[in-house]
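My numbering applies: residue 2 is where the sequence shown begins, and numbers increase by one.
In case anyone wonders, no lab produced these hints; they're calculated from the structure. Hints may contain errors.
Quick list of the computed label-pair ranges, beta carbon to beta carbon [to be verified]:
1. A23 with P49: 22 to 28 angstroms
2. I113 with L22: 30 to 36 angstroms
3. A18 with S134: 47 to 53 angstroms
4. L22 with W52: 37 to 43 angstroms
5. T169 with I113: 35 to 41 angstroms
6. M88 with L22: 41 to 47 angstroms
7. T166 with V102: 40 to 46 angstroms
8. P49 with T104: 37 to 43 angstroms
9. E64 with V102: 50 to 56 angstroms
10. V54 with A76: 33 to 39 angstroms
11. T56 with P160: 52 to 58 angstroms
12. M88 with E64: 39 to 45 angstroms
Cβ coordinates follow ideal geometry from the N, Cα and C atoms, glycine included.
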Amino acid sequence: MKNHWLFAYRGKSSTRADVVLAILAFVGLIGFWYSAAELEFVSQRFLPTPWNVLTALYTMLVEHDFLEDIWISVARVWGAFLMSAIMAIPIGIWMSSYRIVGTLTEPIVDFIRYLPVPALVPLLIIWFGIGESSKLAVLWMGTFFQLVLLIGDDTKRVPKEFIETGFTVGARPGQITWHIVFPGPCCPTSSITCVLPWVGAGPISSLQRSLRRTPGSVMPSGPPGGS
Numbered sequence: 002m003k004n005h006w007l008f009a010y011r012g013k014s015s016t017r018a019d020v021v022l023a024i025l026a027f028v029g030l031i032g033f034w035y036s037a038a039e040l041e042f043v044s045q046r047f048l049p050t051p052w053n054v055l056t057a058l059y060t061m062l063v064e065h066d067f068l069e070d071i072w073i074s075v076a077r078v079w080g081a082f083l084m085s086a087i088m089a090i091p092i093g094i095w096m097s098s099y100r101i102v103g104t105l106t107e108p109i110v111d112f113i114r115y116l117p118v119p120a121l122v123p124l125l126i127i128w129f130g131i132g133e134s135s136k137l138a139v140l141w142m143g144t145f146f147q148l149v150l151l152i153g154d155d156t157k158r159v160p161k162e163f164i165e166t167g168f169t170v171g172a173r174p175g176q177i178t179w180h181i182v183f184p185g186p187c188c189p190t191s192s193i194t195c196v197l198p199w200v201g202a203g204p205i206s207s208l209q210r211s212l213r214r215t216p217g218s219v220m221p222s223g224p225p226g227g228s
């Protein structure tokens, strides 16, 4: 007898069934949360009910300008991310295109990206103070070095045949970078899009890292946005 797809090894299901199961999983999680809070396995001071959480969230949004603080944090994240991307994209491309640049920069970048950013907060406060600059610096530190390596890896994935074809028709290294390696839509005269199909995952990953660094960025507290 054939097993039902729910219990079959690597069984296939429809999209609708997957959505229903995902919803049921969240409903079950909320139900477990509500039951645990009501039965007070843990004090409701530390495990409030879902309704109490929603009530507190509404109070924060309406009475305490929490929404404004959220927008300030979002602006910081995007600001730091854009600064990282503007700096990391050319460095990553050059690092993978020219051996001397890669030899000089990759070991340093690879070393710094493993440093715990929260441990650098005191140093960043000394350098930039407790204003917006230090908060942006925390977020930048958490995204720039990782993004450089991701862009470098994506650049290496550009088909070698495209680059050789460019040199065959007489293109110079700068033209190869601009017209073949660099994302096509960013250059109106480019007819080949090489990096773009792969480069999207790098910035998205770095943006996620920047969002995870948001709590650490408010450690150097200072208005606006609070801490």
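Results for each hint:
no.	hint	verdict
1	A23 with P49: 22 to 28 angstroms	25 angstroms, holds
2	I113 with L22: 30 to 36 angstroms	43 angstroms, violated
3	A18 with S134: 47 to 53 angstroms	51 angstroms, holds
4	L22 with W52: 37 to 43 angstroms	25 angstroms, violated
5	T169 with I113: 35 to 41 angstroms	39 angstroms, holds
6	M88 with L22: 41 to 47 angstroms	43 angstroms, holds
7	T166 with V102: 40 to 46 angstroms	23 angstroms, violated
8	P49 with T104: 37 to 43 angstroms	55 angstroms, violated
9	E64 with V102: 50 to 56 angstroms	53 angstroms, holds
10	V54 with A76: 33 to 39 angstroms	26 angstroms, violated
11	T56 with P160: 52 to 58 angstroms	56 angstroms, holds
12	M88 with E64: 39 to 45 angstroms	40 angstroms, holds
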